[in-house]
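Undergrad: Line by line, the protein sequences are chains A and B. Sequential numbering from 11 applies to the first sequence in this note's numbering. Sequential numbering from 797 applies to the second sequence in this note's numbering.
These are calculated hints, taken from the structure and not from any lab test. The beta-carbon is built from N, C-alpha and C at its ideal position, and this holds for glycine as well. Any given hint might turn out to be false.
A few chain A positions that, by computed beta-carbon distances, are all more than 10 Å from chain B [stated by the list, open to error]:
1) 62
2) 66
3) 233
4) 316
5) 369
6) 466
7) 491
Taking CB as the label site, the calculated pair distances span [stated by the list, open to error]:
8) B:1371 to A:385: 54 to 62 Å
9) A:132 to B:959: 29 to 37 Å
10) B:1258 to A:130: 46 to 54 Å
11) B:1035 to A:575: 56 to 64 Å
12) B:894 to A:156: 53 to 61 Å
13) A:206 to B:797: 54 to 62 Å
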Amino acid sequence: MPEIKVTPLGAGQDVGRSCILVSIGGKNIMLDCGMHMGYNDDRRFPDFSYITQNGRLTDFLDCVIISHFHLDHCGALPYMSEMVGYDGPIYMTHPTKAICPILLEDFRKITVDKKGETNFFTSQMIKDCMKKVIPLNLHQTVQVDDELEIKAYYAGHVLGAAMVHIKVGSESVVYTGDYNMTPDRHLGAAWIDKCRPDILISESTYATTIRDSKRCRERDFLKKVHESIERGGKVLIPVFALGRAQELCILLETFWERMNLKAPIYFSTGLTEKANHYYKLFITWTNQKIRKTFVQRNMFEFKHIKAFDRSYADNPGPMVVFATPGMLHAGQSLQIFKKWAGNEKNMVIMPGYCVQGTIGHKILNGQRKLEMEGRATLDVKLQVEYMSFSAHADAKGIMQLIRMAEPRNMLLVHGEAVKMEFLKGKIEQEFSIDCYMPANGETTTVTTNPSVPVDISLNLLKREMALGGPLPDPKKPRTMHGTLIMKENSLKLVSSEQALKELGLNEHQLRFTCHVQLQDPHSDADTLHRIYTHLKSVLKGYTIQHLPDGTVIVESIVIKVSSSTEDSNTKVLLLSWSYQTLIYNGLLPGG
Amino acid sequence: MDRECVSLLPRVCEVLAASGSSLPDDTILEKLLDWFTALTEAGESLLEACPCLLEFISAVIHDTASAPGVLSFTLRLIGLLAAAEDAFRILKESLVLDLVFSCKHWQELGLWEDPCIRIGWIQGLRTTLQHPNGLSFFIQPLLQLQTDTSLFVASAANQMLAHVLLFCQPVSSVGSEPMEINQDCTAVVDAISEYLKRALGVPKGSTQLHQCQQTLRLLALLLGQTKPPLRDKLLQTVTASLEEMVAADCCELTLPLMDVILDPDCLPCAPDLIVSGILSLLRICSGDSFSSSAGCSEVFRNVIGSGKVQKCALEALTAVSNSPDDCVIVFQVLHKSYQALVKWMSVSCAIDLHNKSHCLCLLDLIQVVKKRACDMRWEVRDSTMEFLGHLGAMHVCQASAEQACDASEALLGGCCCTTPLLREALQDPESYVRASAIKALAQTVMHSWQEGAAPTQEQILSQDTEGFARRAVVKFFIAWFSSHSSHTPPSSPSVRSVLSRGSADLDWEVKVHTLELAELLLDKAFLESRTQEAESDLVEVLNSLVEQGVISALLSGLVDCDRPVALKACRLLITLRVTVCPASQGDPDVCAATANAERDLNALNATSFEDHSEEGASAVSHCEHVSVCEALGSLGLDERLEILSRSSDHVHNSPLSLLQDILTASTSHTHANTQPGQEVIVDCY
């Protein structure tokens, strides 16, 4: 039986770096190639030596598909393609291809900035890697090679995020990446065809959560910023260059406009310009509201948000500053934090997850005294807030997607094991399909039942119709008898006569024989006659003949009787039949 | 070990033993092990330093409610401890080793199914095997795990088997020749050889296939690391099976078989044969070559226009280019790949412009480059610019004219072709292309036809929104100033403006490059003054450096929030101090330069972030006149260098910080959170 194999190298029962290997119809595909920010060494990347030693990835992989630009989904790509060595095709959507290098570059700069980093990719490597990327359009089927085809669907989550449908012959897999089933302020909801894949590989970050609406979180965020500004405080929002930053900028910009606020909003690195450029460029990927209002007013042209200069940090009065990097682990955001931490009027809002070993992680855990360089300590008096704005499907959303795609099997990744277990139970109960949740390095194998297209000869069809059955209907399966022949890579169902003719073969008939011993003192002829009479009485409706040459014939079964050479009381019955006579069950006791 | 860490560790152990699955971060256990490993490698006895570890181990392995993650960590920790012979003995006596390294124990608990237990088990075992104690005892369970369903477990088992086998092959201390196989280990070697022999062969069914794949991986690992006579013994054992497998042509085994068989350093035949073979293939790809042979037509149909084949061919060509021979045929395919071209050009430097076929090729090449420079895809345009840059950097001897010139001038006619293309690319909408064009211009900066490029570059530095382009511009100026003497030509950019723009850039790498430019200017200035050996010249040099804005760039760099910038500036200022204030000669009278330097220092004060630098700078600004040496002395450069030389997260990524984080996370967890709903959810980034 054909199989599909799925092996996560990352995101198997965890929310770390996503990297999932799929083998389908003889093709090997890597889904996402993410990085783990919690490590400072090679452990941040998936270990590709599990795929092949000596780094011959190109020989093994038919393609790599990246679902979206978040670093836990694409951060290891330059490492894989330029340092380990992969020259095959890499697919991602147009916006992801445009934005991915900005984030990779941002991350590279932060990493190198920290110092002590070895074995890390360079700017040139990011560029060389991006040159290998083939952009995807939504709903357009792309032929990777003669057999493998992929198609991207809208996933919400972030700009350019896509789900992919991977198909080889009649087998297929859908990989969701991260997705969101409810539209938000700047993106629409995920959508997919009823494509009935063999496996649906879905993220499950919020597998057990029914999330409150994002609106609530946004209102909460604006309230907190506003209160802080009102009492004359300064608000620091550490972000990564792109993604959440744009979302929050739109929020604040609209709020400032509505409330007629005057406090300045700054963005520290000037990265907004390029990022906003892409949001404008890929307006079709945003939600309907943004597209509609675009004619009157471009949401990404910010009136209130200006570039930051480091001298502004000392300016008196309230202000809001977006600064990179997002976890307060180096650079400008950390520097501003140190300056503002001592004043309880100020506030820092962490809009994303922080890994251990960063100041962001410490203050979110409630540490109020931070050790600094040279044995100095920093008293954290400012208000610390955590707000998760991430846009993942919750349990309800995941179920909704399953209803949309109608998969034959379900496989969960990108979530915590305990939560996955819960959702797995729910899915198996509600949809009666198997649900898998492999750990990293473990392979899930699903056998498929591929439909193989076969041509039927017109003659055979005509004959079937002549027999008086219903006319052939593609929606209703029915049994047909014929001979399956394979000629020039195509399969054809024909009548057996035609098959013999086409293949130039002769028909042979097989006869089977067996000997049965009976204890019977009568003569051979008497024994045969007794058998004849017995059969006549039990097999009514069958043609039974007693021929003068000493044989009894039941349809095509021939029966002869002879005496054993050793003992004349022992009779040997010779039975001989061609294949189809086996249907005469009950001819012989127990036979 | 840090005393503070030792005092925190018992509480951390308690937290971990009680934590279940609610650890604050998925990396902390790995990081703890890293720290323990580092301590062990530094020669410290972990058990002596932290006796609490024994209690921790005992608590975790006897608690049926321990989380698999913590158990896995504990298994690895036990392995780390048992790597030392005395600790091995203690653990053996307390029966810990027998308990935790028995698969049966975990199977009975129903935990063996969890791959994280198996991986912890095998990794723990692997670290244990640092001494001959019980080597052969562990072989059988290892061979079983070699075909584990988890890739991670199987791979670790392979590595461990390799480790065990290598252990049996001691290298003599005198030479690098390995000695005979250790007699104590013959049983181990025999067991593994026997296993290899059994496991290899043409697979029937998927289980056997998996075993074959894994065994081939093990074999590749072994053959790569062992030396004769062990290697010979292994080869002898497996040759027949390998031959059989190659003959069976099973596609799933091709890759692992290649790993075993191929020796990457050895080419199958003479390079020129390979080259001509590849060239024929490329000709077929472009439809240039036809053969009447019937068998070939099928091949032709598949290969013509195949991008994959062309790419492989060009890669092979680049790879064998270490052995240059005939560059005439090479030229016919060169325009297909800039990369191969550049590589080949650097090895075959005889371009004969009088040779007709060469000239025709050149014309073709120019056409291709021009066309590609305005391709729709930025990738193509960028590669073209990179190609021009590579050519610009390469010196080619023209066979006819006896002078050296750069390759782009020779091949593409410098000012008439290359320059307009590069200039135009400066306006490209894609920043990668702009940056490559600037880089290419920098490569050709030596040439007279490059005069006049600087003002455009200065404009890019102030206006381009992209770091790539601005970084390239500063590098361009570095190239410019290093190729031009101090007598700057009229079109020369203003040094001061480049430095001031560069050091105020938003991109820290632009700032680092700007400091490299400052370094160049410093070196040049002092090199020129050294030839005259007069003190007044030193004053003059300092004044000119202040005028150029070099000192200002260094000072603003010193207080930059990005560590590499501050580090570079700090190093340069120390160099400056060493040059200007030689300890033996005392302070030179550099009052004339002081007023200007003081102005810069005041400016520094205004923008300074760091408290201690403010003190330093304001101390300077209070004085009316202060010498440059005093000013430099007040900056505390040496202390600062020490801090800057370390990683910016060294405090927060330290073991102490890790232990503190574990403790705070556990308290904030037990206090059920002051604000409900504030749970920090693991999220993507």
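Undergrad: Could one say that the CB atoms of residue 1371 (chain B) and residue 385 (chain A) fall in the range 54 to 62 Å?
TA: Given range 54 to 62 Å: violated, Cβ gap about 29 Å.
Undergrad: Does residue 233 (chain A) sit more than 10 Å from chain B, CB to CB?
TA: Residue 233 (chain A) is indeed farther than 10 Å from all Cβ atoms of chain B, at 14 Å.
Undergrad: Taking the Cβ atom of residue 1258 (chain B) and the Cβ atom of residue 130 (chain A), is their distance within the range 46 to 54 Å?
TA: violated (30 Å)
Undergrad: Does residue 369 (chain A) really sit off the interface, with its C-beta more than 10 Å from all C-beta atoms of chain B?
TA: The claim breaks: residue 369 (chain A) does not keep its Cβ more than 10 Å from every Cβ of chain B (closest is about 6 Å).
Undergrad: How does the Cβ-Cβ distance of residue 206 (chain A) and residue 797 (chain B) compare with 54 to 62 Å: does it lie in that range?
TA: Roughly 59 Å apart at Cβ, these two residues keep to the hinted range, so it holds.
Undergrad: Please test the hint of 56 to 64 Å on the beta carbon pair from residue 1035 (chain B) and residue 575 (chain A).
TA: holds (60 Å)
Undergrad: Examine each Cβ of chain B, and state whether all of them lie more than 10 Å from the Cβ of residue 466 (chain A).
TA: Residue 466 (chain A) is indeed farther than 10 Å from all Cβ atoms of chain B, at 31 Å.
Undergrad: Kindly confirm whether 53 to 61 Å is satisfied by the beta carbon distance between residue 894 (chain B) and residue 156 (chain A).
TA: For residue 156 (chain A) against residue 894 (chain B), whose Cβ atoms are near 57 Å apart, the range 53 to 61 Å holds.
Undergrad: May I ask you to check that residue 66 (chain A) keeps its beta-carbon over 10 Å from the closest beta-carbon of chain B?
TA: violated (7 Å)
Undergrad: Measuring from beta carbon to beta carbon, are residue 132 (chain A) and residue 959 (chain B) in 29 to 37 Å?
TA: Holds: the Cβ-Cβ distance is about 34 Å, inside 29 to 37 Å.
Undergrad: May I ask you to check that residue 62 (chain A) keeps its beta-carbon over 10 Å from the closest beta-carbon of chain B?
TA: violated (6 Å)
Undergrad: Are all beta-carbon distances from residue 491 (chain A) to chain B longer than 10 Å?
TA: At about 32 Å from chain B, residue 491 (chain A) clears the 10 Å cut-off, so the statement holds.
Comparing the model with each earlier hint shows violations of hints 1, 2, 5, 8, 10; every other hint is respected.
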